[in-house]
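Full structure from sequences and hints, please.
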Amino acid sequence: MKITVKEIEAWLEAFREEITAHKEELSDLDQAIGDGDHGINMARGVKEMHNLLETKSFQVPGEILKAVSMVFIGKIGGAAGPLYGSAFMKMAAEAGTKEALSAEEFLGVLRAGKSAIVQRGKAETGEKTMVDVWLPLLKKFEGKQEIDWDDWENSAEELKNNTKEMHAKKGRAAYLGARSVGHIDPGATSSYYLFKALADTLREGS
Amino acid sequence: MDKVSLVFVSHSADIVKGIKSLLFEMQPEVNIAVAGGEDDGGIGTNAQAIEEAISSVYSDKGTVVLFDLGSALLNTELAIELGEEGRKIRIADAPILEGGYSAVVEAGFGSDIDKVVEAAEKAREMQKIPQR
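In order, the protein sequence lines correspond to chains A and B.
Those letters in the first sequence? Residues 1 to 206, per UniProt numbering, in order.
Those letters in the second sequence? Residues 1 to 132, per UniProt numbering, in order.
Do not rely on the hints blindly, as some may be mistaken.
[As the list claims (entries may be wrong)] Pairs of lysine-lysine residues, derived as DSS-like cross-links and limited to a Cα-Cα distance of at most 30 Å, are as follows:
hint, chain 1, residue 1, chain 2, residue 2
1, B, K122, A, K170
2, A, K164, A, K47
3, B, K122, A, K2
4, A, K66, B, K88
5, B, K17, A, K170
6, A, K170, B, K88
7, A, K122, B, K88
8, B, K128, A, K169
9, A, K122, B, K122
Just so you know, the hints here were simulated from the structure itself, not pulled from any lab data.
Printed below as a string of structure tokens:
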């Protein structure tokens with residue numbers, strides 16, 4: 001499996017479709033434990049990303065990831081803007097100028113994104129954030145040369161669902177303390193859609 | 001003489017607009033820039049807008065940023081990384097209004113950036129109702 005500009009574009013478009021289809025769900029989750037705008041914010045970001053992909057052409061994966069990072073920083077807002085933006089920025093740096101990435105190299109790119117999120121949000125696992133999807137998922141598949149995309153998607157979904165019983169320690173939800181228990185984290189949910197979109201894209205391609 | 005400048009970051013454009021006019025009345029000689037709300041006028045913070053605010057008042061003596069809630073910090077940290085490297089910019093861990101008030105007074109004396117940050121952060125412990 002080789003990941004080029006074509007696969008990255010397909011992945012990001014699939015992510016846009018997931019976010020657009022689940023905009024209400026994301027906002028409802030955020031309404032319960034945050035400020036209720038995660039769906040709207042993410043939808044605004046991916047719409048702008050779609051315009052960018054339509055109007056510009058890219059040579060290498062790193063170039064797209066960089067351009068998308070700036071869109072996310074400028075358009076998503078909330079905590080998700082700087083978190084997704086920083087993730088894509090570090091992913092772009094890791095992808096560099098390579099035209100095609102192997103599965104292993106691409107996992108390295110995603111891990112760079114994970115590190116950026118951990119660093120920016122200063123969150124650890126168990127604090128009911130997107131880190132609870134990114135960190136354990138990438139750890140599970142680290143070093144794999146071939147990825148079972150069904151396993152990938154199911155793992156991401158399970159990790160997202162696990163945030164339900166967690167007690168929020170970061171962000172607006174932390175103000176709720178124990179009252180945050182019983183709700184799935186919205187950031188973990190949008191991250192799940194990002195990884196589901198990846199599985200759907202690369203499963204078809206392989 | 002050059003003074004440390006201040007930047008205020010809030011989820012609301014109205015909040016920082018109010019803080020700026022209040023502090024300008026107190027000390028008009030300190031340069032203040034603000035970044036509040038989203039591009040479309042909504043509630044939120046934006047790293048690019050914060051970076052522009054910092055650049056608009058940056059001085060060699062440095063710039064201190066005060067922020068309101070959670071993601072304002074993430075966006076301020078990102079804004080600093082987006083800008084030129086090696087600039088003297090500090091984020092004060094302080095309440096935005098009381099800390100800003102202490103900071104503008106300190107900056108007005110021509111104090112260095114460490115002193116201004118310290119003054120802002122001391123505001124955390126300031127008693128607002130005098131003890132008898």
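Taking the hints in turn, this is what the structure says about them:
For the hint pairing K122/B with K170/A, the CA-to-CA distance comes to about 24 Å; that is within 30 Å, so the pair holds. In summary, the hint linking K164/A to K47/A is supported, as the alpha carbons are separated by about 28 Å, within the 30 Å threshold. Of the pairs offered as hints, the one joining K122/B and K2/A is violated, with about 55 Å between alpha carbons and a cut-off of 30 Å exceeded. Restraint check for K66/A and K88/B: satisfied, since their Cα atoms lie roughly 26 Å apart, inside the 30 Å limit.
With a CA separation close to 28 Å, the supplied pair K17/B and K170/A stays within the 30 Å bound. The straight-line distance between the Cα atoms of K170/A and K88/B is roughly 28 Å, inside the 30 Å bound, and the hint therefore holds. Using a Cα cut-off of 30 Å, the hinted pair K122/A and K88/B holds, with the two alpha carbons roughly 23 Å apart. Straight-line distance between C-alpha atoms of K128/B and K169/A comes to about 29 Å, which keeps the hinted pair within the 30 Å bound.
The straight-line distance between the Cα atoms of K122/A and K122/B is roughly 24 Å, inside the 30 Å bound, and the hint therefore holds.
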